[in-house]
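K.L.:
Sequence:
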Amino acid sequence: MTDLPDTDFTQRFLFDDNDARGELVALERSYAEVLAKHPYPEPVAQLLGELMAAASLLVGTMKFDGLLILQARSEGPVPMLMIECSSEREIRGLARYDAEQIPADATLADLMPNGVLALTIDPTVGQRYQGIVDLDGETLSECFTNYFVMSQQVGTRFWLNADGKRARGLLLQQLPADRIKDEDEREESWRGLTALAGTLTAEELLGLDNETILHRLYHEEEVRLFDAQSLRFHCSCSRERSGNALVSLGLEDAQNLAVEHGGQIEIDCQFCNQRYLFDAADIAQLFAGAGVDTPSGTHH
Numbered sequence: 001m002t003d004l005p006d007t008d009f010t011q012r013f014l015f016d017d018n019d020a021r022g023e024l025v026a027l028e029r030s031y032a033e034v035l036a037k038h039p040y041p042e043p044v045a046q047l048l049g050e051l052m053a054a055a056s057l058l059v060g061t062m063k064f065d066g067l068l069i070l071q072a073r074s075e076g077p078v079p080m081l082m083i084e085c086s087s088e089r090e091i092r093g094l095a096r097y098d099a100e101q102i103p104a105d106a107t108l109a110d111l112m113p114n115g116v117l118a119l120t121i122d123p124t125v126g127q128r129y130q131g132i133v134d135l136d137g138e139t140l141s142e143c144f145t146n147y148f149v150m151s152q153q154v155g156t157r158f159w160l161n162a163d164g165k166r167a168r169g170l171l172l173q174q175l176p177a178d179r180i181k182d183e184d185e186r187e188e189s190w191r192g193l194t195a196l197a198g199t200l201t202a203e204e205l206l207g208l209d210n211e212t213i214l215h216r217l218y219h220e221e222e223v224r225l226f227d228a229q230s231l232r233f234h235c236s237c238s239r240e241r242s243g244n245a246l247v248s249l250g251l252e253d254a255q256n257l258a259v260e261h262g263g264q265i266e267i268d269c270q271f272c273n274q275r276y277l278f279d280a281a282d283i284a285q286l287f288a289g290a291g292v293d294t295p296s297g298t299h300h
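Heads up: the sequence shown begins at 1 in the numbering used here, then just goes up one per residue.
The set of hints was computed from the structure by calculation and includes no laboratory data. On a predicted model such as this, the values are computed, not experimentally measured, just so you know. It is possible that part of the hints are untrue.
[Claimed, not checked] Label-pair restraints from in silico Cβ distances: (1) Thr107 / Ala284: 46 to 56 Å; (2) Pro176 / Asn273: 41 to 51 Å; (3) Asp98 / Arg191: 37 to 47 Å; (4) Thr61 / Phe287: 22 to 32 Å; (5) Ala284 / Leu225: 55 to 65 Å; (6) Asp98 / His219: 38 to 48 Å; (7) His219 / Asp110: 34 to 44 Å; (8) Glu188 / Leu225: 23 to 33 Å; (9) Asp105 / Arg191: 29 to 39 Å.
[Said to hold, decoys possible] In silico DMTMM-like links for lysine to aspartate or glutamate, alpha-carbon gap of 25 Å or less: (10) Lys37 / Asp98; (11) Lys165 / Glu138; (12) Lys63 / Asp178; (13) Lys165 / Asp110; (14) Lys63 / Asp122; (15) Lys37 / Asp134; (16) Lys165 / Asp122; (17) Lys63 / Glu142; (18) Lys37 / Glu75; (19) Lys63 / Asp19; (20) Lys181 / Asp19.
All residues carry an ideal CB built from backbone N, CA and C; glycine is no exception.
Please model the entire structure based on the sequences and the hints provided.
P.N.:
Structure follows, in structure tokens:
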């Protein structure tokens, strides 16, 4: 299924007279696909949407081929949130949670106390990179802003919102000094741009189109809005990957596992609920090097 640009997309913009750029993201269909896989409580659904928005924005700032992985872990009712977004702009996500411990008005601190956020870049070619920061902000927006402060990269600010139907995000990022050479003027300009973005309400970000948002915030600035780039939900699980996982166990362990489970091994994808079944014949075929072309059964 291909997402239409008007439902799931990012859109960059550039300030002509300031050394700053920005990006907006809107997610509907891919967000709905992620939420449809599990009965997430509302506060968890909102956090997942915000993390999806952040991943979509970050992919746009990084020039690489591969996978961006955002993973938040904690000791609380939500021990794990995870989003994967590829350089091909395919996104998937999931959360683990204890529904009984989650009130309707739960905050980030309630859901993920003593949490940490890991950002991993897994390129197709080259070395894997990971950065980790504490989830010490009141919101995910603050946590991502803190991440860039801690990593001493260029000035970057995030605004993220989700309501269970739509996930939206705004990113502002400083560019190298070009338009404004004086450091004090440059910092004053950056403070002004971020202060204006800070006046944007959740209702405005979730409910208005990009042109309207930028006009409300920056009608006194020269802003260029570029073409939208679409995103879509896609799960990278496959029968082949599941078969490779069984091969990594070794033949004897795989056969024993099948016996323990009544003659069939079930491998479920937590991201999309796809189920892959392997019986004794499938296992023998795998270890004979014949692949997984003739499955005994695959179910949703």
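K.L.:
Does each hint hold? Answer for all of them.
P.N.:
Hints and how they fare:
Remark: the range hint 46 to 56 Å for Thr107 to Ala284 is upheld by a beta-carbon distance near 52 Å. In this structure the supplied range 41 to 51 Å holds for Pro176 paired with Asn273, their Cβ-Cβ distance being about 45 Å. Separation of Asp98 from Arg191 is about 41 Å and conforms to the stated range, judged on CB atoms against 37 to 47 Å. Roughly 44 Å separates the CB atoms of Thr61 and Phe287, a value that falls outside the hinted 22 to 32 Å.
Taking 55 to 65 Å as the suggested C-beta distance range, the pair Ala284 and Leu225 conforms, at roughly 58 Å. Between Asp98 and His219, the C-beta spacing of about 46 Å keeps the proposed range 38 to 48 Å intact. Our hint of 34 to 44 Å for His219 and Asp110 holds, since their Cβ atoms are close to 38 Å apart. Take Glu188 and Leu225: their Cβ atoms lie about 24 Å apart, and the range 23 to 33 Å holds.
Range check, Asp105 to Arg191: about 32 Å between beta-carbon atoms, so the 29 to 39 Å window is met. A distance of roughly 16 Å separates the Cα atoms of Lys37 and Asp98; the hinted pair therefore holds under the 25 Å criterion. Annotation: proposed proximity of Lys165 to Glu138 holds, straight-line Cα distance about 22 Å (limit 25 Å). Distance check on the hinted pair: Lys63 and Asp178 sit about 21 Å apart at the alpha-carbon level, within 25 Å; holds.
Restraint check: the Cα-Cα separation between Lys165 and Asp110 comes to about 22 Å, which is no more than 25 Å; the hinted pair holds. With a C-alpha separation of about 12 Å, the suggested pair Lys63 and Asp122 falls inside the 25 Å cut-off, and the hint holds. Between Lys37 and Asp134 the alpha-carbon distance is near 28 Å, which puts this suggested pair outside the 25 Å criterion. Simply put, Lys165 and Asp122 have alpha-carbon atoms about 29 Å apart, too far for the 25 Å limit, and the pair is violated.
Distance check on the hinted pair: Lys63 and Glu142 sit about 24 Å apart at the alpha-carbon level, within 25 Å; holds. The straight-line distance between the Cα atoms of Lys37 and Glu75 is roughly 23 Å, inside the 25 Å bound, and the hint therefore holds. About 19 Å separates the Cα atoms of Lys63 and Asp19, which keeps this hinted pair within 25 Å; it holds. Pair hint Lys181 plus Asp19 holds up; C-alpha atoms about 9 Å apart against a cutoff of 25 Å.
In terms of the numbered hints stated before, the structure departs from hints 4, 15, 16, listed from lowest to highest.
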